[in-house]
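Peer 1: Listed in order, the protein sequences are those of chains A and B.
Residue numbers for the first sequence, in my numbering: 364 to 794.
Residue numbers for the second sequence, in my numbering: 264 to 548.
Careful: at least some of the hints might be erroneous.
Calculated lysine to any residue pairs in the SDA-like style (CA-CA distance at most 20 angstroms, straight line) [as the list claims (entries may be wrong)]: (1) A:K437 x B:S297; (2) A:K773 x B:Q318; (3) A:K773 x B:D406; (4) A:K723 x A:E485; (5) A:K610 x B:L390; (6) A:K527 x A:G503; (7) A:K610 x B:I378; (8) B:K291 x A:N463; (9) B:K315 x A:T774; (10) B:K488 x A:D430; (11) B:K291 x A:Q791; (12) B:K315 x A:F757; (13) A:K426 x B:V369; (14) B:K291 x A:L789; (15) B:K309 x A:L788; (16) B:K309 x A:K610; (17) A:K773 x B:I409; (18) B:K349 x B:S433; (19) A:K437 x B:L279; (20) A:K481 x A:F720; (21) B:K309 x A:F757; (22) B:K315 x B:S331; (23) B:K488 x A:L788.
These stretches of chain A come out as covered by chain B in the derived footprint (C-beta under 8 angstroms, 3 or more residues) [said to hold, decoys possible]: (24) 454-468; (25) 505-519; (26) 767-777.
Rather than coming from a laboratory, the hints here were simulated on the basis of the structure.
In this text, a Cβ means the ideal position worked out from N, Cα and C, and glycines have one as well.
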Amino acid sequence: MKKLVSLFLALILALGLSIPAMAEGTTLSVAAIETAYGSEIWQEVTAAFTELTGIQVDLVTDKNLEDVISAPMKAGDFPDVVHLATGRPAALTETLIKENLLEDITDVLSMTVPGEDKLVSEKIAGGFTESSLTNPYGDGKTYMAPMFYSPCGLFYNAGLFEEKGWEVPETWDEMWALGDTAAAEGIALFAYPTAGYFDAFFYALLYECGGPEFFTQATNYAEGIWDTEEAQLAFDIVAKLATYTEKSVPSNANNDNFTKNQQLILDNKALFMPNGNWVIGEMADAPRAEGFKWGFTALPAVTEGGDRYSYTWFEQLWIPSEAANKDAAKQFVAFMYSDVAAEIFAKGGAIQPIVGFADKLEGDNKIYYSIYDNGAKAALGSFAATDPVEGVNFADTVFGTINSLVSGDKTQEQWIEQIKTDSDLLRQALK
Amino acid sequence: MCVLPAVLLFFVFMILPTFNIFRMSLYKWGGFSSNRTFVGFENFTKLFRDMKFLQSVENTLLLIVVVSVITMSLAIIFAAILSREKIKGQNFFRVVFYIPNILSIVIISAIFSAIYDANNGMLNSILALFKGADAEPVYWLGDQSIVIYSLAGAMIWQAIGYYMVMYMASMASIPESLYESANLEGASRIHQFFHITLPLIWTNLRTTLTFFIISTINMSFMFVKAMTSGGPDGSTEVFLSYMYKQAYTNSSYGYGMAIGVVVFAFSFALSAIINAITKRDVLEY
Numbered sequence: 364m365k366k367l368v369s370l371f372l373a374l375i376l377a378l379g380l381s382i383p384a385m386a387e388g389t390t391l392s393v394a395a396i397e398t399a400y401g402s403e404i405w406q407e408v409t410a411a412f413t414e415l416t417g418i419q420v421d422l423v424t425d426k427n428l429e430d431v432i433s434a435p436m437k438a439g440d441f442p443d444v445v446h447l448a449t450g451r452p453a454a455l456t457e458t459l460i461k462e463n464l465l466e467d468i469t470d471v472l473s474m475t476v477p478g479e480d481k482l483v484s485e486k487i488a489g490g491f492t493e494s495s496l497t498n499p500y501g502d503g504k505t506y507m508a509p510m511f512y513s514p515c516g517l518f519y520n521a522g523l524f525e526e527k528g529w530e531v532p533e534t535w536d537e538m539w540a541l542g543d544t545a546a547a548e549g550i551a552l553f554a555y556p557t558a559g560y561f562d563a564f565f566y567a568l569l570y571e572c573g574g575p576e577f578f579t580q581a582t583n584y585a586e587g588i589w590d591t592e593e594a595q596l597a598f599d600i601v602a603k604l605a606t607y608t609e610k611s612v613p614s615n616a617n618n619d620n621f622t623k624n625q626q627l628i629l630d631n632k633a634l635f636m637p638n639g640n641w642v643i644g645e646m647a648d649a650p651r652a653e654g655f656k657w658g659f660t661a662l663p664a665v666t667e668g669g670d671r672y673s674y675t676w677f678e679q680l681w682i683p684s685e686a687a688n689k690d691a692a693k694q695f696v697a698f699m700y701s702d703v704a705a706e707i708f709a710k711g712g713a714i715q716p717i718v719g720f721a722d723k724l725e726g727d728n729k730i731y732y733s734i735y736d737n738g739a740k741a742a743l744g745s746f747a748a749t750d751p752v753e754g755v756n757f758a759d760t761v762f763g764t765i766n767s768l769v770s771g772d773k774t775q776e777q778w779i780e781q782i783k784t785d786s787d788l789l790r791q792a793l794k
Numbered sequence: 264m265c266v267l268p269a270v271l272l273f274f275v276f277m278i279l280p281t282f283n284i285f286r287m288s289l290y291k292w293g294g295f296s297s298n299r300t301f302v303g304f305e306n307f308t309k310l311f312r313d314m315k316f317l318q319s320v321e322n323t324l325l326l327i328v329v330v331s332v333i334t335m336s337l338a339i340i341f342a343a344i345l346s347r348e349k350i351k352g353q354n355f356f357r358v359v360f361y362i363p364n365i366l367s368i369v370i371i372s373a374i375f376s377a378i379y380d381a382n383n384g385m386l387n388s389i390l391a392l393f394k395g396a397d398a399e400p401v402y403w404l405g406d407q408s409i410v411i412y413s414l415a416g417a418m419i420w421q422a423i424g425y426y427m428v429m430y431m432a433s434m435a436s437i438p439e440s441l442y443e444s445a446n447l448e449g450a451s452r453i454h455q456f457f458h459i460t461l462p463l464i465w466t467n468l469r470t471t472l473t474f475f476i477i478s479t480i481n482m483s484f485m486f487v488k489a490m491t492s493g494g495p496d497g498s499t500e501v502f503l504s505y506m507y508k509q510a511y512t513n514s515s516y517g518y519g520m521a522i523g524v525v526v527f528a529f530s531f532a533l534s535a536i537i538n539a540i541t542k543r544d545v546l547e548y
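Make a model of the complete structure from these sequences and hints.
Peer 2: Laid out in structure tokens, this is it:
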């Protein structure tokens, strides 16, 4: 009898647990990385989405989002929408690209933005859905939606330049001359937060040295591409820059101490660093030299009057191919390009790549986002996706080795040789 | 029947995962999809040609040797001094030595990052007193020939107190009469240490040595993760940090598991070797 009672009670409990789930409509699970822009913007945006569509959203935000969602994903429990960019140390997005686990969202581009009458493709600014950052397999299909763009370039203390009467260099020759002048005053020309920050720098440099066609070939590991004059020019500039870099930089070029390298700019110990505009928020409370004023410039040109590039860094939003609510997820992606969402994001400092949106910006943000109006060209793209090649991490090979160039532990020739070897291996594994 | 739950738990939580690691090391797999390709021992053959893996082996071995030898020696010496000698503030030292053990690795890493800082760090400030303020600073965490020893320094500082307390406990159980008779026969302090203290704590020493060496493999991962991220340019990569990078950052889960298998075999072999070479007859008193 006791057994029967227990069984009955257990049955009631199980039924009780399942009833709320059956009664509710679709609940969209959204996972978003919490960055310098904060998590409030996501709470507001998801609330606005629910208000408009009636679809409930279960939101998860975390600074280490990979740690939160990886384990459930391995167990088959995938979020419906994930906002997590490529280029992070845990490389979860890259892993899913390599594993073909992203949903094709090309059809979202032809959807109408919820609450508006325009198509998504009409709202997203030109070029943003054409690079390998959104179309990783180069098959014309979009798998990731572009979010929160930020021009990357060289940040410096404009106040120091005014005080010393120095001009911001427009060519690399002027850069080296300024490096010698600053060295005489005990200031290094260059610093970088971590070697990983060279990605935006190096991509823009590849554009400057060889143009868009060369960039595409280089990022697709074309045979012999690293033996060309254009590649040699890019290598020479980076290697020379390494000799002008503040010597303590490699000591702090890691995930925990990189702000010490950024502090070098605020303390007038180094002139330029490659970064994105999030650095301003990141260093907002840091002490700084008197008269400090953030300045921002595109990379100097290779030749007088040559093209200058600023890399456009942006984050990505994607739908896992194993997501349970794909239709609602696609509506959510489309909603990201609505004026309502863009304005909520902009309050937190995150700017959506929407046509004409940058014109509405005011204050500091206007300076950074108007860089392309002032003659700099936009560089977009990254190294193409490949199947995993065991033991080969191209970002470490190309960018990580720069630490060794600065400390003198490796030569430029060793660096180039390793790039060629790894590039050959990756070419065979191209998707 | 009584041991069945324990056996079951041991099987589910120890044997099964270990077996799974061995199985996954034979696949090419990214970790998330159902796409797994059986590649046999290919991951292992690639592993032994991978220079970055070999560097991580070299770094791990160096840390095991340097950290174990120095930590063990200092812990025994300090334990002997604190338990055999009468010095002022004995309890104070006991507490001070033990404190690093209750701090988290992240805090210790932050402390040592500050000590090792090239521009404002304590070590370079002290060195500047001798070398002059204009001298080139030592890049404790930037110079690739030094950085692994800098990590070792932090690891030693963290571990000494714990092992010292363990040895003090076992030294306390040595009967005082042995030392008294040694004194009467005119044996020096150092002679007493090598002929009474050390042989009588040998069993404890053996056990802790095995523990310590295995824990160094784990601890080195935490220190590397919190202090250098394996940098600069992979110069502080150790077994587990490289395994993590391959399994996750490089989407090569199967390859990462192959590294796991090597680490497993290595730890097992090392424990066996240490057990064999430190085997002595147990002394009774």
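Peer 1: So, for every hint listed, does it hold in this structure?
Peer 2: We went through each hint and held it up to the structure:
Only pairs whose Cα atoms come within 20 angstroms are accepted, and K437 (chain A) paired with S297 (chain B) is accepted, the gap being roughly 10 angstroms. For the given pair, K773 (chain A) sits about 15 angstroms from Q318 (chain B) by alpha-carbon distance, which is consistent with the 20 angstroms threshold. Taking the CA atoms of K773 (chain A) and D406 (chain B), the gap is near 12 angstroms; set against the 20 angstroms cutoff, the hint holds. Proposed proximity of K723 (chain A) and E485 (chain A) is supported: the alpha carbons are some 18 angstroms apart, at most 20 angstroms.
Between K610 (chain A) and L390 (chain B), the direct Cα distance comes to roughly 18 angstroms. Compliance with the 20 angstroms bound is thereby established for this hinted pair. Note on K527 (chain A) and G503 (chain A): the hinted pairing is violated, with a Cα-Cα distance of about 50 angstroms set against a maximum of 20 angstroms. As the CA atoms of K610 (chain A) and I378 (chain B) are separated by approximately 18 angstroms, the hinted pair is consistent with the 20 angstroms bound. For a cut-off of 20 angstroms, the pair hint linking K291 (chain B) to N463 (chain A) stands: about 14 angstroms separates their Cα positions.
For the given pair, K315 (chain B) sits about 17 angstroms from T774 (chain A) by alpha-carbon distance, which is consistent with the 20 angstroms threshold. Using a Cα cut-off of 20 angstroms, the hinted pair K488 (chain B) and D430 (chain A) holds, with the two alpha carbons roughly 15 angstroms apart. Simply put, K291 (chain B) and Q791 (chain A) have alpha-carbon atoms about 16 angstroms apart, close enough for the 20 angstroms limit, and the pair holds. As the CA atoms of K315 (chain B) and F757 (chain A) are separated by approximately 13 angstroms, the hinted pair is consistent with the 20 angstroms bound.
Distance check on the hinted pair: K426 (chain A) and V369 (chain B) sit about 17 angstroms apart at the alpha-carbon level, within 20 angstroms; holds. The straight-line distance between the Cα atoms of K291 (chain B) and L789 (chain A) is roughly 16 angstroms, inside the 20 angstroms bound, and the hint therefore holds. For the hint linking K309 (chain B) to L788 (chain A), the alpha-carbon distance of about 13 angstroms falls within 20 angstroms, and the restraint holds. For the proposed pair K309 (chain B) and K610 (chain A), the alpha carbon gap of about 35 angstroms is over 20 angstroms, so the pair is violated.
Annotation: proposed proximity of K773 (chain A) to I409 (chain B) holds, straight-line Cα distance about 16 angstroms (limit 20 angstroms). Taking the CA atoms of K349 (chain B) and S433 (chain B), the gap is near 18 angstroms; set against the 20 angstroms cutoff, the hint holds. A hinted pair counts as satisfied when its Cα atoms are at most 20 angstroms apart, and K437 (chain A) with L279 (chain B) qualifies at roughly 17 angstroms. Distance restraint check for K481 (chain A) and F720 (chain A): the Cα-Cα separation of roughly 15 angstroms lies within the 20 angstroms cut-off, and the hinted pair is therefore satisfied.
The straight-line distance between the Cα atoms of K309 (chain B) and F757 (chain A) is roughly 17 angstroms, inside the 20 angstroms bound, and the hint therefore holds. The suggested pairing of K315 (chain B) with S331 (chain B) is violated, with an alpha-carbon distance near 24 angstroms, which exceeds 20 angstroms. Of the supplied pair hints, the one linking K488 (chain B) and L788 (chain A) is violated, its CA atoms being roughly 28 angstroms apart against a limit of 20 angstroms. Given as covered by chain B, the region 454-468 of chain A passes the check, having 9 residues with a CB less than 8 angstroms from a CB of that chain where 3 are the minimum.
Look at the region 505-519 of chain A against chain B: 0 of its residues bring a Cβ nearer than 8 angstroms to a Cβ of that chain, fewer than three, so the hint is violated. Only residues whose beta carbon comes within less than 8 angstroms of a beta carbon in chain B count, and the region 767-777 of chain A has 4; three or more means the coverage holds.
Against the hints set out earlier in the document, violations occur for numbers 6, 16, 22, 23, 25.
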